[in-house]
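Using the sequences and the accompanying hints, generate a full structural model.
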Amino acid sequence: IKFTKAGTVSVRVSVVVGVGLTRWTVEQQTTSLNPPLQESVVKENGQHTITFEIEDTGFGIAKEELDKLFQPFVQTKTGQQLQEGTGLGLTIARSFVQLMGGEITVSSLVGKGSVFKFDIKLSVVETADIKSQQPIRRVLALEPNQPSYRILIADDALDNRQLLIKLLSPLGFELWEASNGIEAIEIWEKYCPHLIFMDMRMPMMDGYEATKQIRLRERNREDFQAKIQTGQATAIVAVTAHRLEKERTTAFRVGCDDFIHKPFREADIFDALHKHIGVRFVYAESTAASTETKVEILTPEAIAALPPDLVANLRQAIYNLDVELMQTLIAQISELNQPLATAIASLAKDFKYRQLLDLTQPTT
-19 IKFTKAGTVS VRVSVVVGVG LTRWTVEQQT TSLNPPLQES VVKENGQHTI
31 TFEIEDTGFG IAKEELDKLF QPFVQTKTGQ QLQEGTGLGL TIARSFVQLM
81 GGEITVSSLV GKGSVFKFDI KLSVVETADI KSQQPIRRVL ALEPNQPSYR
131 ILIADDALDN RQLLIKLLSP LGFELWEASN GIEAIEIWEK YCPHLIFMDM
181 RMPMMDGYEA TKQIRLRERN REDFQAKIQT GQATAIVAVT AHRLEKERTT
231 AFRVGCDDFI HKPFREADIF DALHKHIGVR FVYAESTAAS TETKVEILTP
281 EAIAALPPDL VANLRQAIYN LDVELMQTLI AQISELNQPL ATAIASLAKD
331 FKYRQLLDLT QPTT
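Those letters in the sequence shown? Residues -19 to 344, per this note's numbering, in order.
Derived from the structure by calculation, the hints contain no laboratory data.
Some hints could be false.
As the list claims (entries may be wrong) - Derived EDC-like pairs (lysine to aspartate or glutamate); straight-line CA-CA distance at most 16 Å:
1. Lys332 with Asp302
2. Lys(-15) with Asp47
3. Lys101 with Glu83
Claimed, not checked - DEER-style ranges, computed between Cβ atoms:
4. Pro52 with Cys172: 42 to 52 Å
5. Lys170 with Asn300: 35 to 45 Å
6. Thr71 with Arg195: 30 to 40 Å
7. Glu44 with Asp289: 50 to 60 Å
8. Leu224 with Asp139: 53 to 63 Å
Note that the structure is predicted; figures quoted are calculated from it, not measured.
C-beta: ideal position from N, C-alpha, C; glycine also.
The following block contains the structure:
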């Protein structure tokens, strides 16, 4: 895609036909880059072997370059001429496939394009193994006879802080705000909150360093052991738009107790409060969120009822995969139509961006 101005990229997935799977012959490789896919129900030890093929109509790769194609920082002649890429993409892709027990192979014709292929074994998931959707319960209030819980919201984005304040303030929590890690530490020192919702990416001092500093200062306090034994040490929940496993691992390593992705659901926040500091809630009567209900909420009419600028900005944020801006705009939508905002957030959380783009398509 980076090397050509026009063409196609095709992705094909098929089930391997067992041991006797017919592979390309040399003659086929010289005439076609599009072999027929085969279907099968053959499985081994409860697993199917699945073949993935990615075909492009690009410049192709010369035969003498194929042997070094997967070496790090090595580029083909085309890549060198166009000064695109770093020579790491295929190396990383090959490592991922090998971790899953497969191996990438390539067939290419100069002037016609290339086909990259790999097989991996995947376990069959039975219907009974799929967890049924849990009912969504709306929080009405806090149960009586509980402590006055102190919550710190640390986030450099005002809209993100206000989103949590609007959610938690009506329930009676004592709330504090911080726009960076330094402020978060100062408020923690002064008020000792029960729980901190800590954004990981903030100016001056990020959430990782702030969490690390808080944990270090906790250990130096005389009453630290007593607080640990009684469960009164501050719980820190990382809140971030980044979904890389490295981010999650780092958050836990510096001392976070939990990890929540943006855009989050209300239930994610309430579950964290219950899990880490024992908050008990009074819930409305449980109702299962059915697919039909979501479809009824997510209608072009409901989208059209929103301010045009808000819809246009949301569409642009989705197109740019700007998760932070999406969350901010969804928070604005919640002030106008809470069920619609929740449904949009649910689609965004599941990466159903194509459906969101279709819904926000301008009407003519």
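Evaluated hints:
As the CA atoms of Lys332 and Asp302 are separated by approximately 14 Å, the hinted pair is consistent with the 16 Å bound. Our distance criterion of 16 Å between C-alpha atoms is broken by Lys(-15) and Asp47, whose separation comes to about 27 Å. Simply put, Lys101 and Glu83 have alpha-carbon atoms about 11 Å apart, close enough for the 16 Å limit, and the pair holds. Under the hint 42 to 52 Å, the C-beta atoms of Pro52 and Cys172, about 49 Å apart, fit the expected range.
Evaluation of the 35 to 45 Å hint for Lys170 and Asn300 yields a pass: the beta carbon distance comes to about 39 Å. Restraint check, Thr71 to Arg195: a C-beta distance of roughly 37 Å satisfies the suggested window 30 to 40 Å. Checked against the hint of 50 to 60 Å, the C-beta distance between Glu44 and Asp289 comes to roughly 56 Å, which is consistent with it. For Leu224 and Asp139, the Cβ-Cβ distance of about 24 Å falls outside the hinted range of 53 to 63 Å, so the restraint is violated.
The structure does not agree with the numbered hints 2, 8 stated previously, though it agrees with the rest.
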